[in-house]
Amino acid sequence: MKKETKNPAIDRVDGRMKVTGGAKYFADFDLPDLAYCVIVGSEIARGILTGIDTKKAVSAPGVVGVFTHLNMPPIPGWDMPVSGQSDGGKPKPATEETYRILSSPKILFDGQPVAMVVADTFERATYAASLIKATYNKQSARTSLEKNIEKQVTPKGGDYKRGEAEAYESSVVKLEADYKIPIEVHNPMELHGITAHWTGKQQLMIYAKTQGVNATQQAMAQAFQVDPENIRVHTEFMGGGFGMGLRTWPQETAVVAIAKKVGRPVKLVMNRSQMFTMVGHRPYTVQTIQIGADQDGKLVAINHAATAETASYEDFTEATVNMTRFMYACPNVSTRYRLVRLDRSVPIWMRGPGEATGAFALESAMDEMAHKLKLDPIAFRLLNYTQTDPEHDRPYSSKHLKEAYERGAEAIGWKNRKSEPGMLREGNSFVGYGMSTGVFNAFRWEASARVILSSDGSLVIQSAVTDIGPGTGTALTMIAHNVLGVPFNRIKVQYGDTSLPKAPTQGGSAIVSAVGSAVFDACSKVKNELFALALKDGGALAGRQPTELTLSDGVVAVEKEPGKKVAVDVLMKSSQLTKIEKDADSKGSPDLEKYSMYSFSVHFVKVKVNPLTGAVRVIKAVSVADSGRIISPKTAASQMIGGVAGGIGMALTEEAVIDHRFGRFVNNNLADYHVAVHADVPAIETIFIDKPDPVINPMGAKGMGEIALIGFAGAVANAVFNATGQRIRELPITPDKVMRKMV
Amino acid sequence: MNPFQFTRVTTPQAAVSTISKTAGTYFLAGGTNLIDLIKREVIIPEQLVDITKLPLAAIEKTSSGIRIGAMAKNSAVADHELIKKHFPLLSMALNAGASAQLRNMATVGGNMMQRTRCSYFYDNSMPCNKRGPVQSGPDKGQPNGPGGCGAIGGSNRMHAIFGASAKCIAVHPSDMCIALAALDATVNITGPKGDRSISFTEFHRLPGDIPQKDNTLAPAELITSVDLPTNAFAEHSYYLKVRDRASYAFALVSVGVGLEMKGKIIQQARLAMGGVAHKPWRLSEAEQFLKGKEASEFNFKQAATLAMASAKGYGENDFKLTLAPNSIVEALQIATENA
Ligand SMILES: Cc1cc2nc3c(=O)[nH]c(=O)nc-3n(C[C@H](O)[C@H](O)[C@H](O)COP(=O)(O)OP(=O)(O)OC[C@H]3O[C@@H](n4cnc5c(N)ncnc54)[C@H](O)[C@@H]3O)c2cc1C
Ligand code: SF4
Chain B
-14 MKKETKNPAI
-4 DRVDGRMKVT
6 GGAKYFADFD
16 LPDLAYCVIV
26 GSEIARGILT
36 GIDTKKAVSA
46 PGVVGVFTHL
56 NMPPIPGWDM
66 PVSGQSDGGK
76 PKPATEETYR
86 ILSSPKILFD
96 GQPVAMVVAD
106 TFERATYAAS
116 LIKATYNKQS
126 ARTSLEKNIE
136 KQVTPKGGDY
146 KRGEAEAYES
156 SVVKLEADYK
166 IPIEVHNPME
176 LHGITAHWTG
186 KQQLMIYAKT
196 QGVNATQQAM
206 AQAFQVDPEN
216 IRVHTEFMGG
226 GFGMGLRTWP
236 QETAVVAIAK
246 KVGRPVKLVM
256 NRSQMFTMVG
266 HRPYTVQTIQ
276 IGADQDGKLV
286 AINHAATAET
296 ASYEDFTEAT
306 VNMTRFMYAC
316 PNVSTRYRLV
326 RLDRSVPIWM
336 RGPGEATGAF
346 ALESAMDEMA
356 HKLKLDPIAF
366 RLLNYTQTDP
376 EHDRPYSSKH
386 LKEAYERGAE
396 AIGWKNRKSE
406 PGMLREGNSF
416 VGYGMSTGVF
426 NAFRWEASAR
436 VILSSDGSLV
446 IQSAVTDIGP
456 GTGTALTMIA
466 HNVLGVPFNR
476 IKVQYGDTSL
486 PKAPTQGGSA
496 IVSAVGSAVF
506 DACSKVKNEL
516 FALALKDGGA
526 LAGRQPTELT
536 LSDGVVAVEK
546 EPGKKVAVDV
556 LMKSSQLTKI
566 EKDADSKGSP
576 DLEKYSMYSF
586 SVHFVKVKVN
596 PLTGAVRVIK
606 AVSVADSGRI
616 ISPKTAASQM
626 IGGVAGGIGM
636 ALTEEAVIDH
646 RFGRFVNNNL
656 ADYHVAVHAD
666 VPAIETIFID
676 KPDPVINPMG
686 AKGMGEIALI
696 GFAGAVANAV
706 FNATGQRIRE
716 LPITPDKVMR
726 KMV
Chain Z
13 MNPFQFTRVT
23 TPQAAVSTIS
33 KTAGTYFLAG
43 GTNLIDLIKR
53 EVIIPEQLVD
63 ITKLPLAAIE
73 KTSSGIRIGA
83 MAKNSAVADH
93 ELIKKHFPLL
103 SMALNAGASA
113 QLRNMATVGG
123 NMMQRTRCSY
133 FYDNSMPCNK
143 RGPVQSGPDK
153 GQPNGPGGCG
163 AIGGSNRMHA
173 IFGASAKCIA
183 VHPSDMCIAL
193 AALDATVNIT
203 GPKGDRSISF
213 TEFHRLPGDI
223 PQKDNTLAPA
233 ELITSVDLPT
243 NAFAEHSYYL
253 KVRDRASYAF
263 ALVSVGVGLE
273 MKGKIIQQAR
283 LAMGGVAHKP
293 WRLSEAEQFL
303 KGKEASEFNF
313 KQAATLAMAS
323 AKGYGENDFK
333 LTLAPNSIVE
343 ALQIATENA
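Listed in order, the protein sequences are those of chains B and Z.
Residue numbers for the first sequence follow this note's numbering, so the first one is -14 and each next one is one higher.
Residue numbers for the second sequence follow this note's numbering, so the first one is 13 and each next one is one higher.
To be clear, the hints were calculated from the coordinates, so they are not data collected in a lab.
Some hints could be false.
[Stated by the list, open to error] Examples of chain Z residues toward chain B, derived with CB under 8 Å:
| no. | residue |
| --- | --- |
| 1 | Glu53 |
| 2 | Met138 |
| 3 | Arg257 |
| 4 | Ala316 |
[Unchecked claim] Derived coverage of chain B by chain Z (criterion: at least 3 residues anywhere in the stretch with Cβ under 8 Å from a Cβ of chain Z; other residues may be distant):
| no. | stretch |
| --- | --- |
| 5 | 344 to 358 |
| 6 | 636 to 648 |
| 7 | 659 to 666 |
Only a predicted model underlies this, so the values are computations on that prediction, with no experimental measurement involved.
Built from N, CA and C at the ideal position, the CB exists for glycine as well.
Construct all of the structure, not just a fragment, from the sequences and the given hints.
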């Protein structure tokens, strides 16, 4: 099977294992003499810890150790230079403050650990933790972005401009609007944590909830000044990450230090409310968009400004405004990105990261402008379609967005949409249609893999990459199958461990492209070796050319001569080989620089809105992905469905609320922080353009994890407008924002 | 967790005689609210009396209606043929609450006794007048966190617009209780002083100066059952719940409606609202107004206006001043159409 051919829909290779409890997650690993760590978090968001009474906790039953800033064991590598994506808990270059866990009485955010208690059982650690009494000298916390907006700073990366800044002002048709997204929290089902086990003085075994075992290994090596070779990190499966596992968090490093100190393995599993303050979140962001167009709807100018929160102790930035630079043909574009440092824990990427935030604003504004111009929203986008990237002035490696618009419009029944809002009703409710575009970088990172073909015809694929749920194992299986023709059920994927060939962190929708290419290359080496064996002097197919040969179902054959073939096991045995093992390091060629590589998506939704109660229901969703060749159709569809479910949460329900008087969350649990539930998520249709990208990698596959979410919230907001005429620019779109005064 | 005494009883008499009358003692039913509160250390119990084995789960016909045992599971009540046929409002309200898993555990008595979901109440580091003093353990008698009402001037999107006090603006979160209040239920109680019955609408109370007290149950008293009198509302009943997601969320506002109709004329109306007060909020003036009136949007709006007379917002929940009357109209309209 080639790049030119669509892939069959196979079941998730680890599905059965996962639903029968066979898949082991970090907290499932039990170790002899394991001790349990519980964190006591600060109850204030800013101030000084004036006292911490641990006496009762220290003498509570089963307690192994109680650690505060007064007795925390040293972490020698805190101040070492940062390398890799994860930084061992060491803050990036100084901002206003420095945060090191349990190193000072200074409190910089709500929930900041003030003590870590270790006991022989989780229950005893929890009880001992409850006995700790902290007293504070409380200072007024700056947690509101609006109230501190004048203190904004310009992060590295700077502003972007092409054309004339004044172009907007002189445009014939103008639109300016402000958009806001709240804090969103990843809230995967699996709680975050780590188990650390020093198996020797300089030997460390870690079971973590990380999206990259190599990154955690690197971070810990740096923090503890240990050779990375002596650190093994294992994370085969993750119960949802959504970005929270993209770095090593300070409490993880602290557990490793504590495990060393107490001389036994220590496990930390955080609780749900700690998931709101210690493992990042999607930052609260306010945005302003200005769009200028001529009478016919040709874009003249777009200005996009975003201001996001970050921590006082670290600048977190993301690509919130970047899409605006290249999405549409527009001569005058400027983007501006600012940060406000608050007394809050540091944000991190959350699925679709900044692009999802930015797309909500840009694609809402495009819809507003289309309405103003009396243009169909799709027609308006097509009018300003571009086949070359105007930001970098180079072609897209592949872009089939037009086809995506068409197919999605067909599937949702776009022709039933009325251009004037409030024209469609079902019973007492209004019905509306909305759409939005999504886009995300298609990466080709460096990665390694190993494949081992045994003479019994089975194949093992090895790579350190972690499976966070997207179906990595299934995709790698498909890629290997396509090169070597080994039946799916004879392929086994081993991953999620630093003892395996090095792989990048699972993120950025990049793994199929990166690790998949390495698997492809390694398999190709195996294939070449098999062909060489067959073709060598005295070999079964001697005298032919490699290009004449095919390989499938354990047989090397001459393509055009039926019957001229040799079985792989025969071939290997005749050469006294029990296995063929090949490693590959794979990265994109410098030629890729000539292209802009992006994945595209289009989301369509149909909503029903009750004007009296303000309840919005998404009653149909269609998501179309233009992400190159689809490697595993079933798990790719699952990705898209998950993106829609997350998108509905982002659009309609999710918001972490802070009481700024205290600087603390008030809904830090799953009853009050509303992720979308089944009843919120309708039937979803997923459509793949499924055309290979000619340049990015040998499979022609671009990523799709992020684009599944990016843009979705905008589609919902646009549909709500189409249904009711109400433009909601602040997420989530809860009933109070939509209902109309009737009585 | 602090050590506490745990006793399992099998008769109501034993339940009442086993439980101590002092603070910090609780009956344990489905545990879906009590255990959460214990884990959060909002409640630090001295004694738990497990009543899950009491023979009080029956749902049966009586001469004047139906009796539902206090230990009947929420799901069992919602799915019971007698309830679905004669009191569909109760069935709808129960099914609008929590999740299937929770309804399978939760009992009728526990549902009535569940505490508010006010976030400040659940977080000991935040001010709250409802939590009261620590009831057990080394800190017994000391305040369980700072006093004052965190919700006033704070995050009060979910809070009351009727009958609140300067001490507390929390709401009672139950859906089931809205239906029971609308349906003129009676609560049967047994206690150290014997048995008694009170009207459902008098069971819960307004916060006033004692927000710690949610209801009028005396220490060591046990709810044994709830009686529902026969009525003619079954054909025109509806429970409308407006919430932040389609399922598994507490009500922003809910409305329970029962109408007895003759043609287009309303003979009798029953209306109660949830998510708006410290107790199920019965709309007596609106009921009176609708009696004998035609079922029309005009009359429904009038009724809703009457119902809102004493409403007051606290900032974030001001939207309820619009959402509540809108919801009354919507619920009345749907109930009229139901048949
Ligand atoms: C995440 C979540 C979401 C929820 N959503 C909703 C919702 O949308 N709508 C809704 O209505 N409810 C909701 N609930 C609340 C749920 O309905 C209650 O937790 C449940 O009804 C309590 O019943 P229980 O039997 O588990 O009570 P328990 O937790 O066992 O007890 C609660 C209280 O009642 C007392 N008690 C129990 N039985 C008796 C008795 N017979 N006599 C005297 N005292 C007694 C106990 O001492 C305790 O104080 C939700 C709960 C959770 C956890
Ligand atoms: S509303 Fe009541 S429960 Fe909530 S904080 Fe105020 S006093 Fe406490």
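Status of each hint after checking the structure:
no.: 1; hint: Glu53; result: 7 Å, holds
no.: 2; hint: Met138; result: 7 Å, holds
no.: 3; hint: Arg257; result: 5 Å, holds
no.: 4; hint: Ala316; result: 5 Å, holds
no.: 5; hint: 344 to 358; result: violated (count 0)
no.: 6; hint: 636 to 648; result: holds (count 6)
no.: 7; hint: 659 to 666; result: holds (count 6)
Consistency note: the structure conflicts with earlier hint 5 alone.
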